Structure formats: C-alpha cells, structure tokens
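Put together the whole structure using the sequences plus the hints.
In case you want the letters, here they are:
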Amino acid sequence: MINTFVGNLGHLMAIVAFVTAIITAISYYFYIKAPLSEKASWRNFSRTVFYIHAVACVAVAVSLFEIIYNHRFEYFYAFSHSSKALPVHYMISSFWEGQEGAFILWFFWNVVLGLVLIHTNKFWEGPVMVVFSLVQAFLVSMILGVVIGDLKIGSSPFMLLRDVSEAPIFQINPDFVPEDGTGLNPLLQNIWMVIHPPTLFLGYASTLVPFAFLMGGLAMKKYAEWVRPALPWAIFSAMVLGMGIIMGAYWAYVTLNFGGYWNWDPVENAVYVPWLVMVASIHTMITYKKSSTALKTSIVLVISSFVLVLYATFLVRSGVLGDSSVHSFTDLGLSGQLLIYMLFFLVVAVVLAVKEWKHIPSSEKEASVYSREFWIFIGATTLGLMAFQVIIPTSIPVYNAIVESFGGISNMAPPADQVGFYTKFQLWFAVALALLTGIGQFFWWNKMDKKDLKNSLVTPYVISLVVAAAIITLGKVYDINYMVVVLAGAFTVIANATILIKLLKKRTFKLTGGSLAHIGLGMILIGVMFSSGYSDTISINMSGMTYKKDWEDDLNKENVLLWINKPLQMKDYEVIYRGRHKKVAGVPDYVKADKLEPTDGLNKAIALKDIEARGKIFYSRGDTVNIVLEENSYFKVEYYQEDELKFTLYPMSQPNPSMGLISSPDSKRYLTRDLYTHVSAINDYEDPEWKEDQFENAGPGDQFFINDFVTYFEGAEVVNELEDVELQEGDIAVRANLTIMDYDVEKKLSPIFLIRGNQVGKIPSVDNDLGIKVEIENILPEENKFVFKYNTYQKDYVVMKASVKPMINVLWVGTIIMLIGFTVAIYRRYDEFQKMRNKGLE
Amino acid sequence: MKKGHIIGLGIIAVAITIIITSIGDASTYENFSSAKAMAVSGNEKAIHVVGELKKDHHGNVVGLKVNEDKTSFTFIMVDNDGYEQEVYYNEPVPADFVRSEQVVVIGSYKDEDTFVADKILMKCPSKYQETDIKASNS
Numbered sequence: 001m002i003n004t005f006v007g008n009l010g011h012l013m014a015i016v017a018f019v020t021a022i023i024t025a026i027s028y029y030f031y032i033k034a035p036l037s038e039k040a041s042w043r044n045f046s047r048t049v050f051y052i053h054a055v056a057c058v059a060v061a062v063s064l065f066e067i068i069y070n071h072r073f074e075y076f077y078a079f080s081h082s083s084k085a086l087p088v089h090y091m092i093s094s095f096w097e098g099q100e101g102a103f104i105l106w107f108f109w110n111v112v113l114g115l116v117l118i119h120t121n122k123f124w125e126g127p128v129m130v131v132f133s134l135v136q137a138f139l140v141s142m143i144l145g146v147v148i149g150d151l152k153i154g155s156s157p158f159m160l161l162r163d164v165s166e167a168p169i170f171q172i173n174p175d176f177v178p179e180d181g182t183g184l185n186p187l188l189q190n191i192w193m194v195i196h197p198p199t200l201f202l203g204y205a206s207t208l209v210p211f212a213f214l215m216g217g218l219a220m221k222k223y224a225e226w227v228r229p230a231l232p233w234a235i236f237s238a239m240v241l242g243m244g245i246i247m248g249a250y251w252a253y254v255t256l257n258f259g260g261y262w263n264w265d266p267v268e269n270a271v272y273v274p275w276l277v278m279v280a281s282i283h284t285m286i287t288y289k290k291s292s293t294a295l296k297t298s299i300v301l302v303i304s305s306f307v308l309v310l311y312a313t314f315l316v317r318s319g320v321l322g323d324s325s326v327h328s329f330t331d332l333g334l335s336g337q338l339l340i341y342m343l344f345f346l347v348v349a350v351v352l353a354v355k356e357w358k359h360i361p362s363s364e365k366e367a368s369v370y371s372r373e374f375w376i377f378i379g380a381t382t383l384g385l386m387a388f389q390v391i392i393p394t395s396i397p398v399y400n401a402i403v404e405s406f407g408g409i410s411n412m413a414p415p416a417d418q419v420g421f422y423t424k425f426q427l428w429f430a431v432a433l434a435l436l437t438g439i440g441q442f443f444w445w446n447k448m449d450k451k452d453l454k455n456s457l458v459t460p461y462v463i464s465l466v467v468a469a470a471i472i473t474l475g476k477v478y479d480i481n482y483m484v485v486v487l488a489g490a491f492t493v494i495a496n497a498t499i500l501i502k503l504l505k506k507r508t509f510k511l512t513g514g515s516l517a518h519i520g521l522g523m524i525l526i527g528v529m530f531s532s533g534y535s536d537t538i539s540i541n542m543s544g545m546t547y548k549k550d551w552e553d554d555l556n557k558e559n560v561l562l563w564i565n566k567p568l569q570m571k572d573y574e575v576i577y578r579g580r581h582k583k584v585a586g587v588p589d590y591v592k593a594d595k596l597e598p599t600d601g602l603n604k605a606i607a608l609k610d611i612e613a614r615g616k617i618f619y620s621r622g623d624t625v626n627i628v629l630e631e632n633s634y635f636k637v638e639y640y641q642e643d644e645l646k647f648t649l650y651p652m653s654q655p656n657p658s659m660g661l662i663s664s665p666d667s668k669r670y671l672t673r674d675l676y677t678h679v680s681a682i683n684d685y686e687d688p689e690w691k692e693d694q695f696e697n698a699g700p701g702d703q704f705f706i707n708d709f710v711t712y713f714e715g716a717e718v719v720n721e722l723e724d725v726e727l728q729e730g731d732i733a734v735r736a737n738l739t740i741m742d743y744d745v746e747k748k749l750s751p752i753f754l755i756r757g758n759q760v761g762k763i764p765s766v767d768n769d770l771g772i773k774v775e776i777e778n779i780l781p782e783e784n785k786f787v788f789k790y791n792t793y794q795k796d797y798v799v800m801k802a803s804v805k806p807m808i809n810v811l812w813v814g815t816i817i818m819l820i821g822f823t824v825a826i827y828r829r830y831d832e833f834q835k836m837r838n839k840g841l842e
Numbered sequence: 001m002k003k004g005h006i007i008g009l010g011i012i013a014v015a016i017t018i019i020i021t022s023i024g025d026a027s028t029y030e031n032f033s034s035a036k037a038m039a040v041s042g043n044e045k046a047i048h049v050v051g052e053l054k055k056d057h058h059g060n061v062v063g064l065k066v067n068e069d070k071t072s073f074t075f076i077m078v079d080n081d082g083y084e085q086e087v088y089y090n091e092p093v094p095a096d097f098v099r100s101e102q103v104v105v106i107g108s109y110k111d112e113d114t115f116v117a118d119k120i121l122m123k124c125p126s127k128y129q130e131t132d133i134k135a136s137n138s
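Chains as they are written, first to last, in my numbering: chain D, 1 to 842; chain H, 1 to 138.
Hints in this document: simulated from the structure, not taken from any laboratory. No false leads were mixed into what you were given.
Label-pair restraints from in silico Cβ distances:
id	chain 1	residue 1	chain 2	residue 2	range
1	H	64	D	784	45 to 53 Å
2	H	7	D	359	24 to 32 Å
3	H	10	D	340	35 to 43 Å
4	D	623	H	55	45 to 53 Å
5	D	343	H	10	30 to 38 Å
6	H	55	D	483	47 to 55 Å
7	H	64	D	602	29 to 37 Å
This structure is a prediction, so every number in the text was calculated from the model and none was measured. Just so you know, even glycine gets a beta-carbon here, dropped at the ideal spot from N, CA and C.
Written as structure tokens, this is what we have:
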C-alpha cells in the first residue's frame, strides 16, 4: 500500500516553513521599526511565527526520516538512498546522502542557532533574526518542490517513486511498491559519515551568525558594536567547521582509497577556503577589540566567509564541477536557485558595506612593526592569500562555464597533479603562518620593543632549534624543505608553549585558547610533513616483467598481486594473502567465505562447516547465521617478519553494482606510524569461468598435477553416510581422498561417486581458493584406477597497495589540541559578551 | 613610502604570482591529435582527454588488455572526434571501468603510440537509471 500521508505532511510542512520564514523576516523588520510602546507585541508575534517555523522545519525532518526508517520505498528518496539491510545509524546517513536531506539538515541547524540567539540577545534579536529568516527562506525553498508553469522551485524529497520514474511497471500498476531500495553508498557506511555531515553543516550554518550580527550592525549603524557578540560565534564557527574538516579527513583516511587524508579535491577545498577566511576574521576582530584597528578588514572577511560557504555549496551541488571532482553531487536543477541565493546575499552585503563605508571608524595611525596589530594583520593576510591560492584554481570549471555561457570555448582544466600543485604553495604559507604565530603571541602578551623581543624570543628559539635537530636526526629528515617545516613547527609549539606556561602560572586558564590553538597548528604541520612527505609505499612491484617499454621504468608500480597462500616480500615484511572472509554477527573473528553459503534471505547465510573462533564453536554446520552487511568481504593479509607472524590485517572490499569496487583500507596502528593496506582489485567471485574438462587416471598412492598443484591421491573408501544426501538401501557411495599442497597449506578434496541401482551420481568437490573442482568420472576396478575429471579457474588472489605513514598521530593529536584551544577561546569571548549584555549595554 | 603601501604591494605581488602559476599549472582539455602534436613538439605537460571506451556493435568493450600481474592495463579509447587511441594505465582495472559512459584520462604521450594516463575519471550511469525497478511483487 502506498502511504501518501507522510509525504504530503512533509511537503505541507516545507511550505509552512517557507511562508513562516518570510513572515518572520517581515515582522522582525517591523519590530525594529516599531515605536517603543509596540515593540513588545511585535516581538511576541515575531517569536511565535519563528517558533511555528521551527516546528515546521523539525516536522519536515521527522517526515523524511519516518519514510526512510519505515522503508517506504514508494518514495523516491527512500528507494534511492536506503535499503532494508541498513542498520539504524546508517539510515541516519541515508537521510543526508541526498542533497535534499542535506539542505534539511542545514536549515535544521539554522533553526537551532536562531532559537539560541533569540534567547541570548536583547538588542540584537531583531536585526539578526531578519537576516536569519531570509536565509531560512532561501534554504527551505531548495526543497519546496513547487512548480509554477515552467518554473520549478526546489526539489522535494517527498516525491513518490511513480512520479519520478518512467518504469513501465507504474503504468500497469500505479500502486506498485519496490521490495527494497537501492541502498546507501557503501563509502558512506562508516561511523564517521554519520557524524561528519551534521558537524560540517553546523559549521556551515554557524557562519551565518557573525554575518547576521555584521549585517545588523551595518543596518542599525552600530558599526563597531557587532564585534563583541559576533566574536564568540565566529570562533564557534571556525571550531565546528575545523572539526568537520578533520572528520572528513579522518573518514577519507580510514575508508577511502586514495591513500591519504587530504587530496585537494574541489569538494574538500570548498570547505577549507571559508574556514581559512573565518580564522582570519577571528584574528582581525580580536585585534579590533584590543586596539580599534582592522575593523574594515574584519567586515570584509566576515562577509567573505559567509559568501564563500554559499559559493562552496554552489560549486559542489550545482554540477558545475562535473568531471573535475571525484565526489561532486549531480545537478538537481537547483543551480539557478543556488546562484540567486549566493548573489542575493553578496549584493546585499556589498551594497550595505559600501553605503556605510565612510562611517566605519578606522584608525589612521600606522601600526608599528613592534606592535601586535602589525603581526596579526600579516597573519590574517597570509590566511587570506592561502584561501585565494586555493579558490582560484578550484574555480576553473566555473570560468569555463562562464565563457561557454557567452558562447566561447574554454578548454582550461584543473591542474593535473592537484596534490603537488597546492602543496607547493600551502606548505610555505603554513610555515610562514607558524612562524608568525610564535612571534605574534609574544607581542600579544607583552609590550615589546626591539630589545625585549630579542630577549624573550632567544630562549624559545634555541629550544626549538634543539628540538628540531632532535626530530630531524631521529626522523631521518634529510630534505632541506622538510627541515624548514620541522623547524617552523617546533618553533610554533615551543614559543606558544612558553606563553601557555606563563598563563597557567598566573592561573588565567581562560586566556589560553590562542596558545593552545597555535600549538595544535605546529603539531599539525609536523604531522602532515611526516605522514605525507615520508609516506612510504612498501608494495612496490618487483615482479620484473619480461617485456617492458622503456618509459615504464619511470612508473612506480604501487600495487602488488598476491596469490593465495603464496608469500611475497614487501620491504621489511613478508606478506601472505589467506582468502576472503565475512563478518558474522556474534563471532569475534572474521569467518572464511567458503564456510558460508548465501541464501535468499537478507544478510543471512548457512554455515557449511562448524564456525569456530578462539577455541569455541559459535555455530554448527547447517545453522543459519547473520552476516554483517553481506556485500562486504574482508581480505585476510598476514604480515611476517623473520618468519614470525607480526599482525594480520583485513582490508575490506565490496563489489558494488552501481559504483564498482569499493574498498576500505585496514591499518596496523603504532604510536609513531600506521601501516596502511588497501585492496585495489579482487577476483571475480560471482560466476567463475571454469575452464574445459581435463581428465586424469590415478590409482591410490599416485601423485599428479592439477593446475600446477601437486595432488596426492591417498585412497578411496566406501562410506555409509553422506552429509548432503540420504543414502537408501542398496546404495554404494565411494569417496576418494585427495590432498593438494599449496605452499604451507594442505587442502583436502573428497569427491563422491554414488551408485544407486543403474544410476550413477557424482558429487564434485570444490576448492574456491585454488579454483579447483574435482569429480570421480569413473572407477576402473580391473585396473584399480579412478578417472578424475577436473576443472580449474583463476586461483584466488588480491591486488593490494600498502604504505607506511609515519607520525600520523601527531597530526590527529595536533588537531584535537587546536579544537580545545578554540573551545577555550569561545568560552572566554562569550563570557565577555554576557557580562556586557547583562550590564544592559547590548 | 609608507609601510602600509609596501605591504599592499607585497600582497598584490603574491596574488599575481598565484594567478600566474595557477594559469601556468592549469591543465587543458585536448583531443588525442592535439595531445600528440603537443608531445611531438616537446611539451610533456599532462592534459585531459574526454572520450569513451571502444565498443563493438553489441556494446561490449573491446581492446581491454590486462597485464599479467594484474597491476596495470591498456585499453582503447575513442575521443570526441572519433580518434582511437591505446591508453596505458598503471593501476589495476577499476571495477566499474567497462560500464562507464564517459572517461576522462589525465596524462600524456610517452611515445608515438601510447598515451599514458596518470589518472582516470569515470562517469558512470547514475545509480537511479541503472537500477531497474523490478516487477516482482512477491
């Protein structure tokens, strides 16, 4: 049965949310303009409308989740983004896999932020909420799904499948509901993907807060007062966006196959750029609060970071990136709407800023080289240039689109080697930044002249030289560029730690945010340098091809082919592939795939052998077991050193019908390095192509070859009981026992020959690892020989890549310290704002 | 000259450097004949070529040769002008490769006959079109 109620409810609520957003904006506008006597009633009215808006937004989200949760595959969204096999936490991921869900998430966060702002502000409530409600109207319009004539506004997630699909089945039976959905992109089936998008969208949503305060400030002619309430939110935004970026990087590191945490993909750049600008704006705002400079710069930066978030959304979701990104979204026909959204706020902000520009106070005094303002300004400029350097090439597809829309032809493409291209700039900018933070922090806490500066910097400088020298020697960093990076990183950490210790001695914990964040930056720099610069691919192919073109010498073969059970030397390790495994619910270890027979039931299989792990039997032969996501296979790879098993990794891979081979690496984690193993290609397990029949006559005790394997025919016996066939009176069953040696593994194959009356039954014995099927074709009693028929196919193999990533934990620890620093700073700045507000000043 | 001016000039200088390098390092979309012309004239820059895999009239991909150790392969690609070119890729065959509607290869000619791809981007039929909505109403 088709349930149209939920969808209609959701759609209705989207319309309600859209209308109430516009009403809220208008009524808050009247609230601002109203005379004092009418303000209270306008405020109550505006708040009520916003509450209705909030309820409607939540109802939209609940409706969509209800559709996914109850597997209502009559809806396109559930059909195309989820399936019955998904556990609940991945259903949450399905919710925002589609763009519509992502927009819902975004405006949901805006609602939360809006509610917080209403209740924490007095003076600013009106102007801020006008901006908020306008943004909400634009965001809700993205999922409105209203068609007026040829004009389509938004793409509704509440469309029924039959209205979207042209499948003929709907003409025969309009009430047809598909059995199952097409599932969630397997790359997103990861716990980090459950929490990464909400974090990122909270980051996106929170960039609106400082922007709204700024717009309010300009409109209300409070050119400077907006900074205090905006500052804690700007830091909050930078922290959450930063956290989102790190989670994305971590997710890429643990699940994606490009072997790293950052790939300079346009989608990644699109978040990185607004974050840089937001961080720059925090610095100029702090300077302004201390010394009344850099207000205009702060205004430009706050507007830029907000508009850049919209630009990022446009880049990622309009389809303009096309083939230049590995994970851009497809165009839902929203690009026009997104463009209007972005241009609207860009134009409003620029017009407002330009109109009020001459009224904005600025300091005419030239900043001295020995002032903190000067150094922080240079730091903010560096951040701005970093952002500029990334956004220019990332926008190449946009230039092409613009040129083409005017009828021209542009064949510009993004740089072929993205990582190399961006790194050569960003690395040096980051080094400059690291040095600036060291110096800047000293200026910040101490008034300095030339002499003081020298005195206070000498000690940290000497210590960092010593520390850097130690890192360089121990880490064997012999590249001059990397030495500079280590030195800069060490200096940042030491210089800021000196400040941190001073502050801690004074017991002023509240003020430690800056130094903590900067220590994090230094550690990130060192961690990135080691883990990327010294990432060592150990799976270099040494197979030595017989025929090779000369240019192939230049190419590193970074993948190795591992045949099952056959050892291969990879640098310091000897590795052996041990076959395909599955994860079975309730069993602590992975279970070999050939012990399980898939059934029609979802994620269910029948055990073909007893399932034993750690000396305990979990399931007996014939039991039905639950597989944890049956599509996923885990490839067991053993790492040996000096004939001793060091560890075993299980990189995952899933042949996905719509996306090809999806692989997730497995890593051996050490404190100082990770060994990362990733599957690049696998055997075809679905329908093996058996080669033509071959025959062999052998007597008991004979030895022969099957597919180069030494096969030993131990003997035959008459058996009275068979595992799969019930024996009847008069049946004769003969079992031949064959032993096949494959390196250190001994395989037993026992085909059966069954005589029942005049009929003969042959039960073959198959070994999937070796790709061998053996049958007893005939028994020749007079010669005491058996005729074996055997077929072979591809022996099991896996193609994989492995690399060592040193010091990656320094990077992760650095990011955590940086986030703690941000949190401390938020607390401090919010505290300041609260004190001023309670004094009735704001 | 004031310090502010010097900094301003410095910023502009860095910005111009960034733009110039971006243009200089940007790759281009080419077809195989222009890519070959570039290689012959000594320009070894990696470029993008958009095209399809060569298919027979049944729609099966032809000319896909996987190396013995399965870690690299060659295939025949037809660019938008219909020019057929053998392309070498130093990675295992991506699993959805033969089903791709469009491929973009990023790389350059290493000799007269072979285009070596450093990277392949594939456009696959979107998930929705691909999945037949099955009529079994069991």
